[in-house]
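Peer 1: Quick note: the sequence shown, position 70, residue 70 per the UniProt record's numbering, numbers continuous.
Rather than coming from a laboratory, the hints here were simulated on the basis of the structure.
None of these values were measured; they are calculated from a predicted model.
For glycine and all other residues, C-beta sits at the position ideal for the given N, C-alpha and C.
Accuracy of the hints is not assured; some may be wrong.
Said to hold, decoys possible - Computed cross-link-like contacts, DSS-like style, restricted to lysine-lysine with a CA-CA straight-line distance of at most 25 Å:
#	residue 1	residue 2
1	LYS81	LYS46
2	LYS7	LYS81
3	LYS46	LYS7
As the list claims (entries may be wrong) - Each pair of labels, with its calculated beta carbon distance range:
#	residue 1	residue 2	range
4	ILE61	LEU4	30 to 40 Å
5	ILE33	THR66	29 to 39 Å
6	ILE77	MET1	28 to 38 Å
7	SER12	PRO59	20 to 30 Å
8	LEU35	PHE84	24 to 34 Å
9	GLU3	SER73	41 to 51 Å
10	PRO37	ILE65	33 to 43 Å
11	PRO37	THR66	30 to 40 Å
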Amino acid sequence: MSELFQKPAVYSVSASHAEQAANGTEWERMVQIILGPEVEPTPHVKLGVEYMYNAGFVPMILPAITADRSVDSRTLIVGGKLTF
């Protein structure tokens, strides 16, 4: 197991590039990159942060209607888990 600040940690990395339709359509493509660490500062507590980049938006439902090729988003997600 990896460590971060001398505490147990895991890391995640995900990348995708999907070509979905003909050139010039709103739902032509979507690029997504996600990365982040999760650390366990004490037993039963995990804290994590993820950075997500999206270029283009192609949803799973009604992509031809709701897709938007102009999307260029950068998102930071912070969260925690408490298990007992």
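Peer 1: Now tell me if each hint is right for this structure.
Peer 2: How the hints compare with the structure:
1. LYS81 to LYS46: Holds - the C-alpha atoms of LYS46 and LYS81 are around 5 Å apart, at most 25 Å.
2. LYS7 to LYS81: Satisfied, since the Cα-Cα distance of roughly 15 Å is no more than 25 Å.
3. LYS46 to LYS7: Satisfied, since the Cα-Cα distance of roughly 10 Å is no more than 25 Å.
4. ILE61 to LEU4: 30 to 40 Å: Given range 30 to 40 Å: holds, Cβ gap about 37 Å.
5. ILE33 to THR66: 29 to 39 Å: Violated, since ILE33 and THR66 (Cβ atoms, about 22 Å apart) do not stay within the stated range.
6. ILE77 to MET1: 28 to 38 Å: Violated, since ILE77 and MET1 (Cβ atoms, about 22 Å apart) do not stay within the stated range.
7. SER12 to PRO59: 20 to 30 Å: 22 Å, holds
8. LEU35 to PHE84: 24 to 34 Å: 29 Å, holds
9. GLU3 to SER73: 41 to 51 Å: Check failed, 31 Å falls outside 41 to 51 Å.
10. PRO37 to ILE65: 33 to 43 Å: Since the Cβ atoms of PRO37 and ILE65 sit about 37 Å apart, the hinted range of 33 to 43 Å holds.
11. PRO37 to THR66: 30 to 40 Å: Between PRO37 and THR66, where Cβ atoms are some 32 Å apart, the hint holds.
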